[in-house]
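One letter stands for each residue in the lines below.
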Amino acid sequence: MRNTVRSNGCNLAMTSFHVAEEEGDPSGSRGARGGNLSHHCSKMDGMDDETTVFTTLKSFKSFISKPETSQKPPDSSLAHHHLQRQYLQRIEMEEAAEKICSKTHLLQMAQEKQQMELSHKRARIELEKAAHISARDLEREVDRNQELLNRIKKLEEREAETTRTLNEQMEMNKTLKKSLEGENKKLEEKESVISEANKTNGALRDEIRELNHKLKKLDMQLTTQSTDNQGLQEQLELQRKKYQELTMKFQELQATQSLNSDNELKIKELERRLALQEQDSVIVRNMKSELARLPDMERELKRLREENSYLRETQENSNLLREETEGLRRKLERLEKLKEDMVSLELEKEKQATVLQAWENLSEMTGLNIRKPEDLSREIIQIQQREIALKQQNHSVTSSARALEKARAQLQGEVTDLRTKALEEQKKREQQDALVRRLQKRVLLLTKERDGMKAILESYDSELATNEYSPQLTRRVKEAEDMLQKVQAHNLEIEAQLSKAQEEIGTYKLQTQKAEMELDVLKKQAPGAENSSFVMNEEVSSLRQKIEELEAERRRLEDQNNILEMRLEKHNLQGAYDPTKTKVIHLRMNPTNIAKQQRLDEVEHLREECQQLRERIRALQAGGAVTSNEGTLSLPPSQEVLDLRRQLESAELKNQRLKEVFQKKIQEFRTVCYVLTGYQIDITTENQYRLTSVYAEHMEDSLLFKVIDMSTFITRTVVSLLKRLQ
Amino acid sequence: MSSTLKGITLKGSAELVAEFFSFGINSILYQRGIYPPETFTRVTQYDMSLYLTVDPNLKTYLNDVVTQLKGWLFDCTVQKLVLVITCLETNEVLERWQFDIECDKTITGSSGTREKSIKAIQEEIRSVIRQITATVTFLPLLETACSFDLLIYTDKDQVVPEKWEESGPKMIADSEEVRLRTFTTTIHKVSSMVAYKRTDCI
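Here the protein sequences line up with chains G and Y, keeping their order.
The opening residue of the first sequence carries number 1 in the UniProt record's numbering; numbering runs sequentially from there.
The opening residue of the second sequence carries number 1 in the UniProt record's numbering; numbering runs sequentially from there.
Treat the hints as calculated values from the structure; they're not laboratory data.
For clarity, every value in this text was computed on a predicted model and none was experimentally measured.
Virtual Cβ for every residue (Gly too), placed ideally from N, Cα, C.
Listed next, the in silico PhoX-like pairs over lysine-lysine satisfying Cα-Cα at most 20 Å (straight line):
no.	chain 1	residue 1	chain 2	residue 2
1	G	K583	Y	K156
2	Y	K156	G	K581
3	G	K441	G	K500
4	G	K583	Y	K163
5	Y	K197	G	K570
6	Y	K189	Y	K105
7	G	K448	G	K486
8	G	K583	Y	K70
9	Y	K170	G	K570
10	Y	K11	Y	K119
11	G	K242	G	K659
12	G	K581	Y	K105
13	G	K596	Y	K170
14	G	K596	Y	K163
15	Y	K170	G	K583
16	G	K659	G	K241
17	G	K581	Y	K170
18	G	K581	G	K570
One side only, chain Y facing chain G, incomplete, derived with CB under 7 Å:
no.	residue
19	Q98
20	F148
21	L151
22	K156
Bound conformation, chain G alone:
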């Protein structure tokens, strides 16, 4: 390391020298170079070479500095010489430097060689040491090896043992494994059990949690209840205080009441006396006033008596007058009636007079010799007699006329009968002629048929010889026969119809002839009545008019009848009936009645339910507990309501018990206080407290305290105490 450093240093020095040479700076650089060198050399050198280097360096520096100082004052003319000298100096210096350098180099090399040798020695020594050490190490290692070999042997023996033991252990292991498996199963079972237990645990924990929750809730409830209790206790205390106050008040009130009653009695007595006295005074006053009024009364009495007498007289007069008026009124009525009668009589008189006049004129009108009603009656009798005679004549004439008419009618009837008979005979004859003609026609037809059949047969016979179509022929014959029969039947039918028609015609002819005969008869009768033609014509026309009117009325009545019949039909359809001939009945228990009854019952039931529900709502709204009189209601109380009721009851019970307990405790406490301290404190009114001592001589000895604010008290009744003491 040092050698290399030195060589480097030398190289550096060489380079610095070369640099100086290249630059050609004479003075400054040298110094710098020198400095550099020295620096470097000082660095490079070891302990042995440094002094020599220093000396060489010092001589070098002195050498360098000399030429410098000597070179400064010369001029430029000497400059050239100076320069040359400098150059030569420089070259010399350079050579010197090179020599020095080489010397130094040599020195350095020698040093290095020494150092190398030293180092070689050192190395040898070290190597020997190392060899020694290594030999020792080797021995140690050999020992160690032997030891290790011994150990290995031991270990091998151990190993064999251990393998044996391993095998045994393996066998053991197997057995153990089996047992383990068995135990594993057991473990699994146990695990399952445990898991189940865990589940149950979990469930139990949940339950526990829930129970805890419940517990908490109950605790909360308890706290609330305790607070409620406290509140109730306080209330109780207040109530108790109030109660005591009230008892005190009550006692005072009773005392005052007794006083009051006494006072009231006194007052009543006094009032009564006062009233009596007032009454007496009033009576006295009235008496006075009455006495004052007496003379006036007497005067009035006189006057009234006079009036009375006067009035009595006047009353008699008035009675008389009334009777008179009544009499006069009756007279008036009678007179008015008389007047009316008179008027009516006058009217009658006039009428009678006119009648009389008429009767008197009658004689002039009738021309008969009538002057008196007797003449009239005579005339009337005569007329009546004449009438009777005429009637008798009439009767006889009519009876003869009827007889004649009967005879005529009989004859006519006979005539008509004979004529009908003649007609019938004629008709029969005609029928017979017709029959004969028909029969003749039939005969002709039959003959024709026969001829035809004969011709056909002959033709068939003739044909039979030529052709031999016998089945066809027989068929044809049959067909022909059928045709024949049909035709005959048809003929018969037509003839029967014909005969019927002819009979009908005959009957109609008979009827028409009868009608004609009647018409002729009527016509014969009609000319008989034409004697009184003029009157008869009139009668006929009037009769015709009547007939027309009757016809019109008939039509109208028919229409009315139709309308009424339609109405009747309609009413019949609607269900009307004649109550005199028909009655309508039905079963009492019919579906409509039953349904109506059911509806009514339903409505009633619903109304009742409504009513009950309304009452229940009212009761509930009032806040009172629902009583057990709801047996009729069908609404079952819900579970909540039942629970709430139970809770309410339990709370009330608790309250009751608490109250009792508090009462007891308070009582105890108060007695204890009284006994121990000797003082009893009671609350009389709101802010007043009464302190009583054990050693009080009288029951009423007490101190009353009034609370303004809790800090100050005002004592009272010290005066009363003092009084007592006195």
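Since the structure of chain G is provided, determine the placement of chain Y on it from the hints.
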């Protein structure tokens, strides 16, 4: 009885008419929906399927009325049978089915038969019942809850039995009437008609 003999006796005719009324009333009750359809069962009668009620109360009521009616038909004292349908809420009569019965009183008691085949009578009854069923098409709907009653018009001098009482004719105030077919057993002639309350929809 009357089916095996050639002719119809008074008793047989009464039975036929009573049977017709029994089925006819059941049909009307079913068609008009007075009772729910599930309370009816189907039977075959007059060669057609008809409905009969199974409600026991209704059955006893109808039996009572029909047996009494049969007796009166035998006595020829019944003039009409009316089925009145009333609305329960308003107590108004909504429909009136009237059956006029004309009895030939010349037939006396159990003597005498008339020549008419059962089949012909049944044919006529069938057409009447079919017509009753067909009337449903034009009769107004019965929308409210209704109930029915059976009225019998008898002669004035007829004795009123124990459970029966007199009643009004229960006519409809403003009605439309429709005449239906008639059938006759030659002893009893039954003509049917229906009157219903006029609705304001037309």
